[in-house]
Amino acid sequence: MKVEIVTHRDGKEATVGFEYEKRFEAERPMVLDVLLQAQARTMPDLAFRYGCRARNCGVCTVDINGKPRIACRARAREGDTISPVATLPVLSDLVVRRDGIARQMRGRLSSGGQGNNLNVEAPEAYHDLTACIECYACLDKCPMHARNFDGGLPGDVQNAEDLPDASKGYRWGNPFSLLKLQRIRIDPLTTDAGRQAAVDNAIDLGLDACVGCAGCKCGVGIDLMGQVVGELLEAAKDRLPSSKT
Amino acid sequence: MTIKTEWLDYDVIVVGSGGAGGQAASVAAEEGARVLVVSKDPIGCSDTKISEGIATVRASGSDDDSAAGLSENLRMGGGDLNVEAITDAFAQDSQAGYDRLRSHGLRPPIDAERNTPKPLPLPLGGHTKRRSVGHRNSGIAFGHASWNAVIEGSRIDYLEDAWFLDLVTEETGAGKDAPAKRVIGGLIYDASKGCLIAVRAPAVVIAAGGLSTIFFPKTDTMRGNTGDSYAVAARAGAELVDMEQVQFLPFCLASPPSYEGLCAGEPVTASFLGVLRDKNGKVILDGVYLRTRAECSSAIMRTVEAGNGSPNGGAYLDMTANKKLPRSGPYFMRFLQTCLPSAYNTARQALGKAAGKCEVEWEVRPGAHYQMGGIRTNEHGASAGGDGAGETAHGIAGLFAAGQAMGGVFGANRLGSTALTENAVFGARSGRAAAETARTTSHTANDDAFAPFIAETASRFGQKGDVAASALKLELQRESWTCIGPVRTADRLEKLAALLQDWRERLERVSIPAHTVWNQAFMEFEELRNMLETAEAVAAAAQNRDGSVGGHVRLDRGNISAFSTPYSTVVNRVPDGGYLVRRVARPRQPLKRLVSYKLQENWRKFQIKLLLMMPSGMQDKNLEKRYQAIMGASGAAPEVTPGGVDAAIGEATKA
Chain G
1 MKVEIVTHRD GKEATVGFEY EKRFEAERPM VLDVLLQAQA RTMPDLAFRY
51 GCRARNCGVC TVDINGKPRI ACRARAREGD TISPVATLPV LSDLVVRRDG
101 IARQMRGRLS SGGQGNNLNV EAPEAYHDLT ACIECYACLD KCPMHARNFD
151 GGLPGDVQNA EDLPDASKGY RWGNPFSLLK LQRIRIDPLT TDAGRQAAVD
201 NAIDLGLDAC VGCAGCKCGV GIDLMGQVVG ELLEAAKDRL PSSKT
Chain H
1 MTIKTEWLDY DVIVVGSGGA GGQAASVAAE EGARVLVVSK DPIGCSDTKI
51 SEGIATVRAS GSDDDSAAGL SENLRMGGGD LNVEAITDAF AQDSQAGYDR
101 LRSHGLRPPI DAERNTPKPL PLPLGGHTKR RSVGHRNSGI AFGHASWNAV
151 IEGSRIDYLE DAWFLDLVTE ETGAGKDAPA KRVIGGLIYD ASKGCLIAVR
201 APAVVIAAGG LSTIFFPKTD TMRGNTGDSY AVAARAGAEL VDMEQVQFLP
251 FCLASPPSYE GLCAGEPVTA SFLGVLRDKN GKVILDGVYL RTRAECSSAI
301 MRTVEAGNGS PNGGAYLDMT ANKKLPRSGP YFMRFLQTCL PSAYNTARQA
351 LGKAAGKCEV EWEVRPGAHY QMGGIRTNEH GASAGGDGAG ETAHGIAGLF
401 AAGQAMGGVF GANRLGSTAL TENAVFGARS GRAAAETART TSHTANDDAF
451 APFIAETASR FGQKGDVAAS ALKLELQRES WTCIGPVRTA DRLEKLAALL
501 QDWRERLERV SIPAHTVWNQ AFMEFEELRN MLETAEAVAA AAQNRDGSVG
551 GHVRLDRGNI SAFSTPYSTV VNRVPDGGYL VRRVARPRQP LKRLVSYKLQ
601 ENWRKFQIKL LLMMPSGMQD KNLEKRYQAI MGASGAAPEV TPGGVDAAIG
651 EATKA
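So the sequences go chain by chain: G and H. Start counting the first sequence at 1; every next residue gets the next number (the working numbering). Start counting the second sequence at 1; every next residue gets the next number (the working numbering).
Wrong hints could be hidden among the right ones.
[Unchecked claim] If you want the footprint, here are the derived chain H segments under chain G, 3+ residues with CB under 8 Å: (1) 219 to 228; (2) 513 to 523.
[To be verified] Ranges between beta-carbon positions, derived for each pair: (3) H:ALA85 / G:LYS22: 50 to 56 Å; (4) H:ALA585 / G:VAL16: 54 to 60 Å; (5) G:GLU19 / H:THR565: 56 to 62 Å.
Keep in mind the hints are simulated off the structure, nothing from the lab. We put the CB at the ideal spot given by N, CA and C, even for glycine.
Just chain G, with the same shape it has in the complex (with noise of 0.2 Å):
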């Protein structure tokens, strides 16, 4: 099975063709098994995320043809072109930053203190929420996050030093960022006032954005649609122009 690797290192771009040797006849092999023949057979210095093998952990998120998926248990396919991640900064191969994400969340994520009684059930929501691995495929499309890149992706930003600074964290948000003030909205321990910074949060990360998207999709099936953003634009639609929803 032939695929094609692109590979990021001192800032050049360059695809390597790489032929997967199948270990037995009807082997069906996930893209990290792809990756990992490459690095024991050609490519020892091959830089890629992975963690956990089974869909949990969230770090090898790799595009496949253009569309994020999670390498670990995505299926390769003949043909295939390997690709780091669009919608953020390559730092070698495959190997993205992911740090302007979580790092935009600082400051965030208080639900105005905590009472004295923890003995308190979540709703279903909640947990729906929680689901969350925090693969980042819920970037791709998403037009708040290109406010980070001028509207496109960083790949099309010229010069480096025009990429925002990661390590400050993004100025505008993202699916998952808004997952994370919306879990804080429904957990039945945050405060009104919680609540309501929950929801400025969103606001200032750009929930204008969202209004009249089409939609983001999440990578392990969270409905970000109606659980996190409609229920974010519900919330604010007093103070967003000309709501839609």
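Using the hints provided, position chain H relative to the given structure of chain G.
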């Protein structure tokens, strides 16, 4: 191009951002320390995040659940290798530690009447009380809590994609009743910026996880478990305890390759009629559900050695007899599906429909899961040395460990649902103690002490050579499996010692390009360096313990008698290379507990015989009743945790 070095000052450095690191950082910051968290993987992406998500919370199920009782349960499970002060601390703090996770967003099911988190319906094996709380989304729920603890911490700075390379220490010049060395900081490689960071800090908490990646197959633990915790501590001169106690799960998948090593079941899930067979169909172990993991693993490995193993180096777990019985068969399927659902689902996906229905055998082999030994500490996670339970006066001042990095909590075996609580309890304790150290230490870090570390690390960038670190890693994983894996012999331990010497020489010939941003070859080199160090420590401890106990199985020696005096192995690296090994005696359980253990063991073996002698119809009715008793009205089996004693009934009474 020379890699640049930046300098920073902090009170406390926390290495690792999982369950233990997150709590250590958040408590140290609350205590007023300025904290730097260093994580090579993204924040919170640790074994905690991918665990089964079941935590021990004392008194969640009943009011009469005393700290003394929980502490004793841990030592009973651990064959008395554990340190009593540490198991006591675990038991005393389990609720407070758990509540800290709740303050970071962990939301368990609630027992409204008792006003407590709601534990699973039955005590997990080895626990004498109901106190194991399960969570929706398993470990991922804990992953969010670790993430929140680090990201929302107002006095916490953090670096991800950053590799903590070495501790920097200096001699204290103190007498023999005070530590001879103290921590003055550490050196970090920041891969995203492409620079080194020298951090002056009087306290460092190591919470960088375990070592399962020194083996292949490992189970579904994180790739990053390259023994960093142990290697970094050992190189600085810290003592490690019980390093031979690596827990292997016997029934991991042998194929297809994408699933190799992932956990497919535990002895208990094989149920009453599950047996192991060799490639010729011959039964090599019956009564699997009542066996210990070590018994199952060594049966498989002995078969492989005799040339009768399966194509992928394992044996066959045959559960078809359970399924075939007309009355009890349907109960069995429900039992298998609900007892350890994550493992069942993995096996069904990997092996196909017929295997999922238990109409055919499963090819299985052991896999590395958890390191019970680790950095030798006291009950506050502070580095300890000397005799007995260990004293901080003989450890390294300012060095702390928490989570899988620390030893002394679990001894030779770990009860189910305890690892996540260990993180919360000792994360908090070590964070508090580290902040206290920082408060009472005057900052006079000697920058000259950093110079050799910086010079050596900088010289690696652009190192010429003919060895690929990633290839050498694979070689090490294969040989570790054979020599210090689920079964060990004196010959193999010697073989590994010779190999390690060769690999250390080849390590110097690893080719590393000069570029500084995300230099994959340099990272592979650093991980390999830690894997070699850790493998050597495990081998040294394994050589000293010349009989089988817990996770340490010697094919060429017998079992260590439960009636002999228990001891822990302690290893420390000597500056010229190699490890010194010694034994530290531990107090033994009262004699009557041991006698009761022997009786239990014989009763267990008799039960297996009895069941197999029954005529099929009688067997079927008998089993139907047993399943009904286990699964009750809900029709589902109580969940077990991989690695827990409940999942290997034969280990439940181990003294």
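Range hint compliance [Cβ, ALA85 (chain H) to LYS22 (chain G), 50 to 56 Å]: 54 Å, holds
Can you tell me if the segment 513 to 523 of chain H counts as covered by chain G, using C-beta to C-beta distances under 8 Å and a minimum of three residues? holds (count 7)
Would you say the segment 219 to 228 of chain H counts as covered by chain G, given the rule of at least 3 residues with C-beta under 8 Å? holds (count 5)
Quick check: does the Cβ-Cβ distance between GLU19 (chain G) and THR565 (chain H) fall within 56 to 62 Å? 59 Å, holds
Does the hinted range 54 to 60 Å hold for ALA585 (chain H) and VAL16 (chain G) at CB? 58 Å Cβ-Cβ, so the 54 to 60 Å window holds.
In terms of the numbered hints stated before, the structure departs from none.
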